[in-house]
Amino acid sequence: MASHKPRRRRKEDTSDATSRDVARPNPGTSSSSPQFPLASFLWPAKNSVSQWVTLPLILMVVGLFRWATGFWGYSGFSIPPMYGDLEAQRHWMEITTHLPISQWYFYDLPYWGLDYPPLTAYHSWLLGKIGSIIDPRWFALDTSRGFEDQLLKVYMRATVLVSEYLVYIPAAIILNRKLGRMLGVNNWESLVALVAILMQPATILIDHAHFQYNTVMLGFTLASISSMLAGRALWGCVFFVAALCYKQMALYYAPAIFAYLIGICMVPKPNVGRFLAIAIVTILSFAISFAPLLLGSILDQYRGIPVSTTKETPSPPSITSLPFAVNEKSWYFPSSLQLTQSIHRIFPFARGLFEDKVANMWCAVHTFHKLHNYRLGQMQRISTVITLITIWPSMMIISLFPYRELLPWAMASTAWGFFLCSFQVHEKSVLLPLLPMTILLGSERGLGTELRAWIGWANMLGVWTLFPLLKRDELRMPYGVLTLLWAYLLGLPPTSFSLYFGRQSKNGELKVLTKMLHLAFYAAMMAWHAGEAFVPPPEDKPDLWVVLNVLIGFAGFGVCFLWCSWQLILRSGLMEDYFGVRMKIEAADRKKKQ
Amino acid sequence: MAELYPSIAQCAVVATAFKVLLFPAYRSTDFEVHRNWLALTYSLPIKEWYYEKTSEWTLDYPPAFAYFEWLLAQMAHFIDPNILKIENMGYDRWQAVYFQRTTVILAELLLIYALNCYIRSSSQPAKQTSYAAALSILLSPALLIIDHIHFQYNGFLYGVLLLSLVCARKQSGQLFSGLMFALLLCLKHIYLYLAPAYFVYLLRVYCLGSKTRLDIHLVNSLKLGSGLVIVFGLIFGPFIYWRQLDQLLSRLFPFGRGLCHAYWAPNIWSLYSFTDRVLLLVAPRLGFVIDQDAVHSVTRGLVGNTSFACLPTISPRTTFLLSLVSQMPSLVKLFLQPSWETFVGAVTLCGYSSFLFGWHVHEKAILLVVIPFSLLALKDRRYLGAFRPLAVAGHVSLFPLLFTAAEFPIKTVYTVFWLLLFLLVFDRLAPVPSRPRVFLLDRFSLLYTTVSIPLIVYCSLAHQFVFGERYGFIPLMFTSSYSAIGVVGSWIGFLVVYFTS
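Chains A and B, in that order, are what the protein sequence lines are.
Every letter in the first sequence is one number past the one before it in my numbering, and letter 143, counting from 1, is 143.
Every letter in the second sequence is one number past the one before it in my numbering, and letter 329, counting from 1, is 923.
What the hints contain is simulated information worked out from the structure, not anything from laboratory work.
Keep in mind that the hints are not guaranteed to be accurate.
Unchecked claim - Among chain A residues calculated to face chain B with C-beta under 10 Å, some are:
hint : residue
1    : Phe41
2    : Leu42
3    : Val61
4    : Ser285
5    : Ile288
What the hints assert, rightly or not - Simulated restraints, written as ranges between beta carbons of each label pair:
hint : chain 1 : residue 1 : chain 2 : residue 2 : range
6    : A       : Pro81     : B       : Leu843    : 49 to 55 Å
7    : B       : Leu638    : A       : Leu126    : 57 to 63 Å
8    : A       : Val162    : B       : Phe672    : 40 to 46 Å
9    : B       : Leu638    : A       : Val162    : 48 to 54 Å
For each residue, glycine too, the CB sits at the ideal point set by N, CA and C.
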């Protein structure tokens, strides 16, 4: 090191392997320029900069945006007596740390009784234990209800961030890399897609502003997809069960995953061993997830701790309606009671078709034709049948053509189907179909005109349908900032129309009909915002703007569902000469293996 | 030459998004200070501005800044008239927060413009390095912490300074540069510290002829002289006419304040007080005489006259003389070799001298050094070697400004992000120097940077864990002494580079 020369010299930008999707060649020169602002930001990392430098920088920036979003309000701030989602999560930390495990699913159910699967409960227990070291008042039993303290807010925000950085973000990085390698995407373009995925506004707003832990469940889902892409179906099952046992909403993906797993056991020839392995691993994963709860309650019964502190032991309906009587003294009674009670809590069949206004079919139909007139059970059956009919084609395709690269498409398609047609859907559930769609930005030509336009449009629409919810939490400002920022980074309307009118639009990738459709929706969204901000609704229709949001959202999501399903069909090769394409793919696969 | 990406405008858009998200973050009393100024400039005649004292935050910036506040107040009237009531002390409804935070962001547009001018004014081979330096200033964690969280208008003021520095680059802009700097002095008098460098440079290149050193360029001298009289006359004129100058100056220069500011800016005096503290511990064994009254003064960190227990007391006159004497050699060199780069170097050194030896220096004043130095940091690797410890120390020393838990991740992660990004980029871009450089300095700065990690962990987490609320001065003392070592180290490094090139 005795010389005074720099240790490393900068490489000249000569190689330019990036595609035109991201880098537009400058006419007359060998240089190129970025197609959209996000590509500009990563432009300096295009050549020769190691990912060990860019990745930490990216993680810091996306973390800063998440944390800054957390400065804003959260759901239920200072709204007694029930407060909101932050209070629910805090309350779970309170009861899991103070009560014996057998009482978790029974304690004072009307006040935010635990209604998530056990992994959430264990997670709450851990966070409650750690938080109690800092300040025991935060999670004191009963007296801490509605506790609002600046430091508590910081702690709760930090737990969301840390959980996300432990689950969602590593899973997203690994999946993005795997998807890119599998489909031959240039490393740098994968990085651009990764930032786009991590800056997705809807997820940041719901988790870090409104307050929830969706990214844990979504992260497990990503890990599951990434294991399946790597050909490790068993690990995929483990992660997917983890997602399910964290938040039951992951069921939206279950049909696609189920069909895919069936597919890989059947095609090209039936494989019983694989089928058995998948079944056993799945059951074992569920067993392990529920084991602490079930074993703990057996132990509690042995110690003589009652299940409920109130006089009468509540019996979940499912256990009373069993055809045979369960002996309350038997050894297996506590575990069966826990199991049935937790399932009863997790799946609230008794609740209505939909709660708030949500952009799905039932809420849209309800606007014109009141659905209160039907019995609940009848409606539930109808909605189940319609959901199954909607997702059937996608399930069939993914099980007949279980190609790994089709999995995200199938998941997006079935999740949209679920979101649109099943009952008890929350507006926040739109995160589920958006996730597999958004990760496709990292697939082959993911940043090209077509996919960027469609995925961007779906995300803008999705976050827009969350606006009424965010407005209630006083989150209009972060909504505006994060949504416009994402649109700006990806070159989407309303910040840029280059996908629709500019140079990029001339390559004919987007059909005129698509352009008109997208632009009509963008125009509707902007007009809606203007109207909502300045025109008060008429007195007899106080919900006018929310209902309009639901109707437009439903129409758009319907289009998203059709597009995802259509892409799945196209990409499966069903429409082409089936066998010819199959052989080509198999030949390519063999080549890859060699 | 290909375009440089990301462009300044693109970075500004994303940075603005981040700054808007920080609207609800912690804000210091400076927020109320500026609200009070909005109110008093709006509701009182100019005559009474410097006499108004309903709030304890009286107007203590020069008149041009007060006119600027008046201008903002005209807009505030449309947003929320309650901002503009003097008796509404501590008013912080969201309208006020949104409005005042937005004015900081908008006023910073001037900085962006100045940085653009800077890039355009640099020669083709240096385009890339000046672009990197401009980005580092735009995204500076110091500006983020001080302006957008703590609340001040430094971005705007440093925009004026940079514009004036850039104008001085070309012969045709020198007059304008001088007038711009005069305006800057009328906006905030802290820039008086940089005035000697301006004086010498403009005297040498504008007022004196190029042939011999004593050939006076009469027309230019008259132009500059009359220009300065007009600028100062327009801004201070009314107050002179009303015979308020004494009152105004007593507001601008409150000499009643102590040697060290509440948080101990990382300068010579913080090292001096640290030594005093250490001596206090060992004094009984060595048999020194201790001034018992002084034992508790510095530890409390109160603004007031600081007295020392063992070491001699420092008077304002001493600090003034020390600053001036330490500036002299750099000014002599500037007079002999009046190039633009020497000029920026001299401005930086004036900033260093005043920061290191000045009376009642704020830690925020480190920007006086960091920003002009950024323009030179990429000149070659020797400059960069001196810049590194300053970049670490200057920003770490700002951490105590934000003491709330929620802002801790923002200030630390953002600073680490900035340091990692720009020190790596600078490392790649800085050209090889023509003279060999001292590698010991590199080792020193690496070691120095590493020490900052346990220091921050101790000061923000471990200390509270071990001692709770007791000994609150220890983290502050460590931070400022640590940063002072870095600032002094980089000063010595820069002196060497400045005088040998």
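Status of the hints after comparison with the structure:
1. Given hint, phenylalanine 41 (chain A) at the interface with chain B, holds; its Cβ is 5 Å from that chain's nearest Cβ, closer than 10 Å.
2. Here the hint on leucine 42 (chain A) is kept, as its CB sits about 9 Å from the closest CB of chain B, short of 10 Å.
3. For valine 61 (chain A), the shortest C-beta to C-beta distance to chain B is roughly 7 Å, which falls under 10 Å, so the interface hint holds.
4. A distance limit of 10 Å between C-beta atoms decides the matter here; for serine 285 (chain A) the minimum to chain B is near 34 Å, and the interface restraint is violated.
5. Taking 10 Å as the C-beta cut-off, the interface hint given for isoleucine 288 (chain A) is violated, the closest approach to chain B being about 34 Å.
6. Between proline 81 (chain A) and leucine 843 (chain B) the beta carbons are some 59 Å apart, a value that contradicts the proposed interval 49 to 55 Å.
7. For the pair leucine 638 (chain B) and leucine 126 (chain A), the beta carbons lie near 58 Å from each other, so the given range of 57 to 63 Å is met.
8. Range check, valine 162 (chain A) to phenylalanine 672 (chain B): about 43 Å between beta-carbon atoms, so the 40 to 46 Å window is met.
9. The given range of 48 to 54 Å is respected by leucine 638 (chain B) and valine 162 (chain A), whose C-beta atoms sit roughly 51 Å from each other.
The structure fails to meet hints 4, 5 and 6 from the earlier list, while all remaining hints are met.
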